[in-house]
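Whenever a hint applies, use it, and build me the whole structure from the sequences.
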Amino acid sequence: MKRTYADLHLCPNLKNPKQTENMIKKSRKLGYHLIAIPLPLSSVEEEVEWLRRMCKEAKIDFVSRVDLKPKTSRELLKDLRGLRRKVEIIAVTCESKQVARQAAKDHRVDILSFPTELRKRFFDRAEAELASKTTVSLEIDVKPLITLKGKPRIRLLSALRRETAIAKSFQVPVILSSGATEESLMRKPRELAALASLFGMDKSSAVEATSSNPMSIVKRNRSKLSSNFVAPGIRIVRRGKDC
Amino acid sequence: MLKKVRRRYLALKIECDGTLNSREFINAVWNAVLTLYGEYGASKTNLNLIDYNSEEKLAVIRVAHATVEMIRAALASITRIGDKSVAIHVLTVSGTIKALHRKMKHLNH
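First to last, the protein sequences are chains B and P. 335 is the number that the working numbering gives the last residue of the first sequence; the numbers go up by one with no jumps. 119 is the number that the working numbering gives the last residue of the second sequence; the numbers go up by one with no jumps.
Hint data in this document are derived by calculation from the structure and do not stem from the laboratory. C-beta: ideal position from N, C-alpha, C; glycine also. Treat the hints with care, as some may be off.
[Claimed, not checked] Label-pair ranges, simulated between beta-carbon atoms:
(1) B:Lys-163 - P:Lys-94: 34 to 42 angstroms
(2) P:Lys-54 - B:Glu-187: 38 to 46 angstroms
(3) P:Gly-48 - B:Arg-211: 21 to 29 angstroms
(4) P:Thr-45 - B:Ile-328: 52 to 60 angstroms
(5) B:Glu-138 - P:Ser-32: 47 to 55 angstroms
(6) P:Leu-59 - B:Glu-209: 36 to 44 angstroms
(7) B:Glu-187 - P:Thr-106: 47 to 55 angstroms
Structural data, given as structure tokens:
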């Protein structure tokens, strides 16, 4: 069966429709079947419609996503309560250890991401242990890897090597995303996988990180958001008077 | 007995604002390989420019079979050549130039 690829973190400037359209079309050309674009918290529903229409024209599947950047775990819980039923993917950018721990143990969070600054990368063994008990995945953006040069890139590679090794030992799924903010930073799925070899991911797990891992998140969340979903393990299979 | 050298030919598409000459292009590829893998790693790649078409922005390079993924990563890490914003994508990989051209024709159709 042909592998399908997903880029769950495409970041065009939504105020620039031309650039957004070009980046969506280019994703299809580069071989992606599904993309997720982070939406602003203030206007999730309005943005979703036109992005979905644009993606349909480009023959690519669109997934709605929000990136939460809470300062405290209380703020995170409040945001999750309001947004979980509205978007397909919720990613949390963890800027403090308290938020990182809360996000890792919450079933409503899909993706954990960390800033490039090393002192804000909280993905350690304790974090991975919490994440392994839920369905949270660790997201790695490739953009800083190709834009940084010299010492900062060396330090980032070293941190990513440690984090992916921890994720592997605790069986936390890893997702490779482009994080591209402009067309020239977009790369093919196989190129993302090749870049992952720089921080010690083997080829098969790197390819999975661009295909089956993100696809499984989308599949799971779409089934949860469908009107037939009742509770985990329970869904409506038929409606009508004879049921 | 000496092992037969296995090679791979890579067809590349260069996306950039202006035009690049072949020297600028191959120097950028060498620099990317050297930056990521050092001189020892670069020595294993047997990197060679086979063909370069500046009008169509296509290039063909030859590398050692075992280092295709290294080259792919190095090419993906190139974002600028001189003052031009650049992205290089691998179109296809093949064991012979003949098969590479056949695959490229297939891609065009």
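Do the hints match the structure? See the list:
1. B:Lys-163 - P:Lys-94: 34 to 42 angstroms: 40 angstroms, holds
2. P:Lys-54 - B:Glu-187: 38 to 46 angstroms: 41 angstroms, holds
3. P:Gly-48 - B:Arg-211: 21 to 29 angstroms: 28 angstroms, holds
4. P:Thr-45 - B:Ile-328: 52 to 60 angstroms: At 56 angstroms between Cβs, range holds.
5. B:Glu-138 - P:Ser-32: 47 to 55 angstroms: Distance hint for B:Glu-138, P:Ser-32 holds at roughly 48 angstroms.
6. P:Leu-59 - B:Glu-209: 36 to 44 angstroms: 39 angstroms, holds
7. B:Glu-187 - P:Thr-106: 47 to 55 angstroms: 52 angstroms, holds
Going through the hint list in order, the structure satisfies each hint without exception.
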